[in-house]
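A.B. asks: Now for the letters of each chain:
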Amino acid sequence: MSLLEQRYRSVLRLLPASYRAKREEEMVDAFMELSGEVPDETNPRPRWGEIASVLSLSLRVRLGGAGASPRFVAWGEAVRLVALLGLGHLAVGSFNQLLHWGHALTFGTDVAWAGPPGSVERLVSIAVSTADLCSIFAFVAIMRGHVRTAKVTAVIGAAATLVYTLIPMILAGPLTDRPLSETAATLVFTAAPVIALLMGFHSDITPRRRSWATTLSPAAAGLAVLGGTWLVVALRPYHLDWLYLWLGFGTTILVWAAGAVVVLARRSSPSWALAMTTTGLLLLTVRLPLLGNLPEGASWTMVCAQCAVLWALSTALAWMGARGLPGGSGTVPLTRKVGERSG
Amino acid sequence: MFLAMTALVDEPRHGYGIAQEVDRLSEGHVQLKIGTLYGVLDRLSAAGLVELDREEARHGRLRRYYRLTDDGAKALREEAARMAATAEAATARLRARTAGGAA
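Chains A and B, in that order, give the protein sequences. Start counting the first sequence at 1; every next residue gets the next number (the numbering used here). Start counting the second sequence at 1001; every next residue gets the next number (the numbering used here).
Chain A with its partners taken away, still in its complex shape (with noise of 0.2 Å):
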């Protein structure tokens, strides 16, 4: 076995095992041929154009792809449906943001913009709310089947806000000074639910095109959550500091935990399982961290619980969506046999 033979055999390894013991040796006949005779001298290596599409080739099969086993079709739909999750999420709280404005400009209150009026930190600061929009586009755009609008605006709403708050938090020094919850959070609710839409959405997969009552839920969830707020709000229970760890963040926390006993009750397919687990597993690193800059007492006692709720459910939904995953045996034949003709 030549040199480029080893080598590209070593690139095929990023294939899954069921994919390799199926189409390898015909992958790596192709490549040889295609390559001609390079002698060992030469030490020659696959081209990064053959890595690329083997890794991209990769991608698509253990998510859900063409010739994929019903095993990765699963773990695909789970990475899509955390995808959904993930921009709804961020589609609520842009809709939130939005009535915020609309109530600003309504009865002439103030918005919490960064830097003093005129200047440019308050300008970015704008742009960067601005472009936080994008994430209800992106989010309208997936459920009805428009990917490629989905995936333009998630990144460029996401790009953003990455860059306006962790590149200040990189300046400001190295980031292991900083609160964990701080970069969790960025990284968490920014850019999570993006790199799921640009891997789970990719070019094998025709998306549902869902209706315009589910897909216009998070507005209604968006209302119901700020009615909520402004209620707590309103009502001023000050001796109550760890009713406000239900607010925002800690309202997701409820809705999640919700969404989890009902995927655990119905006994929902393994993908929806599996979602759930990563997205209960997001939010508890998220969570997580204000323990530690919490004293002790009602309020500490609180996040414990959530973070004990998130733990719990996912551990469950962990264990439900893994023993309802078809085995890894059971693969989608890549060919008809030969001699079978179609129609």
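Calculated from the structure, these hints are not laboratory results.
If you want the footprint, here are the derived chain B segments under chain A, 3+ residues with CB under 8 Å: (1) 1012–1020; (2) 1028–1040; (3) 1056–1064.
For clarity, every value in this text was computed on a predicted model and none was experimentally measured. Even for Gly, the Cβ is constructed at its ideal location relative to N, Cα and C.
Given chain A's structure and the hints, the job is docking chain B onto it.
C.D. replies: Coordinates of chain B only, in the frame set by chain A:
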């Protein structure tokens, strides 16, 4: 996908053969990487547009030949007709533009 299917119209071909034929058909503009080619073959197979014709062993390695199915030929014919209609529309407009400029 269009070029890969076109490459299989006249005879069954193996992976390298398809890549070579696509390169020839596109006059060197499309050079399929192996990972991309097998992604395309997966999609076409899953859609029932191509199927396995035969297997051969060469230099101790497996070589699979693929052929276009009847469904594949029908889909390619429809796509080719659509592209021809688009090209015809473009040609007609260019002709009209040239005629308008000359007038």
